[in-house]
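Participant: Combine both chains into one complex, guided by the hints.
Taken in order, these protein sequences are the chains called A and B. Numbered per the numbering used here, the first sequence spans residues 19 to 391. Numbered per the numbering used here, the second sequence spans residues 69 to 439.
Be a bit skeptical, because a hint or two may be false.
[Stated by the list, open to error] Example chain B residues on the side facing chain A (calculated, C-beta under 10 angstroms, incomplete):
| no. | residue |
| --- | --- |
| 1 | Gln-112 |
| 2 | Thr-121 |
| 3 | Pro-125 |
| 4 | Pro-133 |
| 5 | Gln-303 |
| 6 | Thr-387 |
| 7 | Glu-388 |
| 8 | Leu-411 |
Calculated directly from the structure, the hints in this document are not laboratory data. C-beta: ideal position from N, C-alpha, C; glycine also.
Given next are the chains, with one letter for each unit.
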Amino acid sequence: MEKTKTKKKVSKKSKTSWRKNTDVKDVEEFLEEVRRDERTGGSARVKTDAELFFVHKKADVKDKPPAGRKHRVDVPKQRKRNAALAEEARQKSAAAARKSAAPQEKKSSTCPIVDLWATPSEAKPSKIARQKAAAPAVEVPLPGTSYNPAYNEHQNLLRKATVVEVEKLRKREKLNRFASSMPAMNQFEREKTWVEEMSVGLQLPGAEAEEDGSDEDLESDDSCRGDEEAPAAPKVVRADYRKSAKQRRKEKEQRETERKARLTKEARLRENEVYRLRSIKKEISREASSQQQVPKAAQEKNSQLGPFKFEEPDMEIQLSDELSGSLRRLKPEGNLFKDRFHSLQRRKMIEPRRPVIPHRKYRVKQYTKEAFK
Amino acid sequence: PQEGHIKAKVVKNCRRLALEFLHFVVASKSLKKVFVSIKGIYYQAEINGENVTWVMPHQFSQELPSDVDFRIMLTFLEFYVTLLGFINFRLYHTLNLHYPPKLQLFSGDDSSEESEDLLASLAHNLSARPVEDAEEDDSEAMDLSLEPALRAAQEKADQEKNRFQKLFAGCRIFLGRETPRESLVFVIRTLGGEVSWSSSQAAGATFGETDDDITHQIVDRPRQSHRYLTRYYVQPQWVYDCVNACKLLPVESYFPGADLPAHLSPFVEAAEGEYLPPEQVAMMEEEGEDVPVMELEPPQKSRKRKAAEEAVEIADERTEAKKEADEEKELAIMAMPKKKKRLYDRIMHSRQKKSTEVRKLKQRRAAVEKS
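Here chain B stands alone, though its shape is the one from the complex (with noise of 0.2 angstroms):
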């Protein structure tokens, strides 16, 4: 476009198809990892054996930068806007839902603004076509040509698939007024949970704050006053890790005023020797999985010191399998033609030095402790 401006219009049909999208996402149950930083809220979702990253903003008012080409970024946001439509037109008729989204308590009934006011709310379900066949749905069906160990692996990943897109049935969660609503709504929906606000937030409340239902109440307040006793008080942070960890945390660290545990970031997966803070040990060692053990190489001593050593070593008992094996192992790096010995060095090399910062992080969190 010729001028930069950004029309009220252009922003409420971006605003129509993110919603959409995130409609399709709890409708499918496909949200997997959320993380939230401080630059936005990043989310992925797996679609179609595709993993989708997307971030949203924190909301508050957004300020237009003067130095981003805004003509460009419509020129462009005109493309992506018919390809979202075409592609939410698509999810939802994989899911055999109506597109244009309508939801169920207005049936039949056109957009008005209420309903309009409903679907941004996120909260409630969207409703169905009606299927004419009743066909067998051969893509849940397990393969039986599989072996059976790999059947039994499936199985597993079926009922871990399952056991996840139910984590918060049975919770019924209200979140106060200076929780962020949309993203927490959207978070705790496709998990299954009940979630509701106050009415004079936003529209489409479905519970109000006296329920006597409540399970879980989201205040992010240093203190709160009035109390319930048949609900737990937590912090937002409670849901983000929930997701992220897969289970339902449990909730006397996310008690208001408590202090956090580390939002970690579900993107990334320890590999073996890397340095895992004793946090997330903690946790691993609760799930029961196993902690990748680290490989700490002995830096490289003087030559000196490794004499001394050797000689200690020497006067030390030392099965005669371990002194060969080690001789051998001598021998062969010896023996290596200098292509090999170059590469073997710098393996060794990168081992040395992620072995001396892990050393090092760890020196540091012992200092910061102790202080």
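Next comes chain A alone, as it looks inside the complex (with noise of 0.2 angstroms):
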């Protein structure tokens, strides 16, 4: 006889124990079902059709304008009288809703839409001029990078070029310099000053003697140097440096007695500025003046972006041998990509960027295992 499953006898006497043993989901399903349709209108097949169409009685289509106008091209007449038109409106929307009372937005001061293609160059907003005005995206090319140039924009050029490169070669120039000024010693003139160099800071037998008297010290330095070549005695801390009880008792009632000297100068202070409104008023005034005096160009000329300065890239160049002179043989120098990512950074749409290299920060040491050897 196969033995029926009996159902585990669950008490259902506690919260818990009820709250884990029931099976909610028939009742969750429903009421899923029943959002479900709520949200997206219920099953077409339970309405009516009433509920689902209706009957259009009237057309409510606009005159289409005739077939041609649409790509009318809007000439000088037609603009300057679509522009009054909008005019027209745009005053008596303002005129209504001045008339409503109701706080309106006035989304045109903030960024007014102008039409760039219409507008006469005087009137169109100044800060495409500026910007104009910062640096140009493509740079007028010198004369001399002509794929055959005359002779002296040539020079020119190479001039130019010389001169960056002198600069770097001095500064390389330099460096070497410092290296080289310090000529390399041989052992034996090592060994010399040796001894003196390494017992620097050293304490000595000789050497507390000498602290006594100056002129005393030149002799007793002299036969001292003579026996045993000491050298001069470094500044002795003594033991009895350590602040007593009563000395850091005393600092710490003057540190005191100053803070709360500042502190009531400050509170005076303070309080005595409700007498100076009017010339804080006037300082105020005159710092928020001159803020605005430093051109915004200015700033935004002078600002950089990101951490690293922009370095001009090195020119294009052909040297005297490497012109080709025909446009044939010609062998194109530079390359656009980084022309133009260049131009990017340097009209302040990029910051200038150094590539990370990867790189250790350790010397990788070599070794040979005993096997291998």
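Facilitator: This is the structure in structure tokens:
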């Protein structure tokens, strides 16, 4: 006989066991369906025809303009007329807004949408003019960079390049000079000064006697030096440098009084500022006006994007023997990708970056295993 | 974008937009200056009163440098591609052309590969949209309220412009295989010329090499073996120099194998007192333009020399008026306040430097020509 599975008897006496052992799945499913129907609008099968469809009694199609008009190009006359009409419409709406006395958000004042193609150049917003003056997108090329340049212009270009190179060379030479001005010593010379160098800072027995009196020192110095080659005595740190409790207390009290005096002074000044209100206001207004005087263009010009300063890339030049003179034999110099990338950096649209080259912080040590030797 | 790979469709899109812009320049005839440099070819066009300068690379395969962050560039490119699309649309509509561009050959056809290739060749005209109203073009008509002098000047400017835009009109030019085809086609077509190339090179060639009406053939070889007598054989620099000079230059100096004159930059205009290479002076004199006269200030002489020369000068006959004028000038200089004197000294110093430079350049040129 098969053993029928008896359901495990679970007591539902406590709240927790009740909550654990009830199955609410069917209720939840039903509620989900209800909510879904609310969201989507329900099954179309259940609804009546009247709920789903309605008959359009009256056509609300606007009058279409004749076929060709859509593609008409805005001619200056039409543009002017359109602009005038737009202006009228705007004024009307502004008047209506004022009448209604409801707080209207003036979107036009913050970011005016100007038709750049339609407005004459004088009326264009000045932001464009300022940005253009900063640095042109495509720099005018130097006449010496022609593929078949005139002699003098090519020389000018070479001169400019040599100035840069000479500067670099000068810096390198300077470093080399510092390195070479300290000549390497040989072993014999080094031994002579070795003892002196190595005993700097040491306390030697002859040193303490040298501290009394300077005149006597000269003699004793010589005699001492003659015997032992003792170096100059270093400053002796004595054991009685520790502060006593009294000294600490005194210092603490002094600090306290200073601090209290400072606080009372500050409080007094702050309270008296009430009487200085007029002059304070004047100061603030003066500061604000002086800040505004720094032109925004100058601020932008001086600002630097990112931590690195933009360095001009190397000029593209061809030396006299590299010049081809013929368009067919021309070997192009420079890369337009790099040129455009640097131009973006120059115009402060991108910040100049240094490439992060992976490097180790320690020097790699090399050794050969015993077995391989 | 996350990765710096440049996808093929991005390249294709960029090329399409660039070609559309070039087509616009061809259709509006607005190219003004061309300069071939070692980096690439610089063009300048005047569109809506603005000088637009751009550079195109020489037709070689480009290498992607490792120190350029292409992710940033691609991000900027996304913006510029959209912007250029709108700009092209607007420019095409000002000229009343279809956008996306359609060729006159394919009326009504959709873009097939053939039409794309022909568009890329820049050799065929674009088809215009039908204009409904024949409205009077007020922009072209002269403003009658102007003074007669200004009106004359405007007339002259317009005439010049028209002459420039028809520079290559009547020229039928055939391009050799070794020449930069796309750049030359663009330049020649903008100025009203007819141009073609060998059909094995690229699609869209209108006539072949054996055509009888060809007036010029652009070659870049050291020797040209097979020659037709009815046409001139010139080097490609002739085309660029003609554009910059605004006239058809004599062909003799551009024959194949000849020593070409220097390709000067049109972006540089020599001011007064600056050095002008003799070739440029010759060209300007040919045209009848005024060559800017150089004020050569005599260099600072030593005191002894100056005294000696003064003695000589006193002995010479000098007009009283000139003497007085010089003396007055000296007095005025002495009487200047310190600030003004400093400024005056600075101006004089910079002029001095300029004139010494000019002198040096002339000396060098003389030395080179002697050797």
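Participant: Tell me if the interface restraint on Leu-411 of chain B is satisfied: Cβ within less than 10 angstroms of some Cβ in chain A.
Facilitator: Because about 24 angstroms separates Leu-411 of chain B from the closest Cβ in chain A, which is outside the 10 angstroms limit, the hint is violated.
Participant: Taking 10 angstroms as the limit, does the beta-carbon of Gln-112 of chain B come near enough to a beta-carbon in chain A?
Facilitator: holds (9 angstroms)
Participant: Grab the minimum C-beta distance from Gln-303 of chain B to chain A and call the hint holds if it beats 10 angstroms, violated otherwise.
Facilitator: holds (7 angstroms)
Participant: Would you settle whether the hint for Pro-133 of chain B is holds or violated, based on the nearest Cβ-Cβ distance to chain A being less than 10 angstroms?
Facilitator: Constraint on Pro-133 of chain B satisfied, holds at 5 angstroms.
Participant: Measuring from the C-beta of Pro-125 of chain B to each C-beta in chain A, is the shortest one below 10 angstroms?
Facilitator: This hint holds: Pro-125 of chain B lies near chain A, its Cβ roughly 5 angstroms from the closest one there, short of 10 angstroms.
Participant: Is the hint on Thr-387 of chain B kept, meaning its closest Cβ partner in chain A is under 10 angstroms away?
Facilitator: This hint is violated: Thr-387 of chain B lies away from chain A, its Cβ roughly 38 angstroms from the closest one there, beyond 10 angstroms.
Participant: Holds or violated: Thr-121 of chain B as interface residue toward chain A, Cβ cutoff 10 angstroms?
Facilitator: holds (5 angstroms)
Participant: Under the criterion of a CB-CB separation shorter than 10 angstroms, is Glu-388 of chain B in contact with chain A as hinted?
Facilitator: violated (42 angstroms)
Consistency note: the structure conflicts with the earlier hints numbered 6, 7 and 8.
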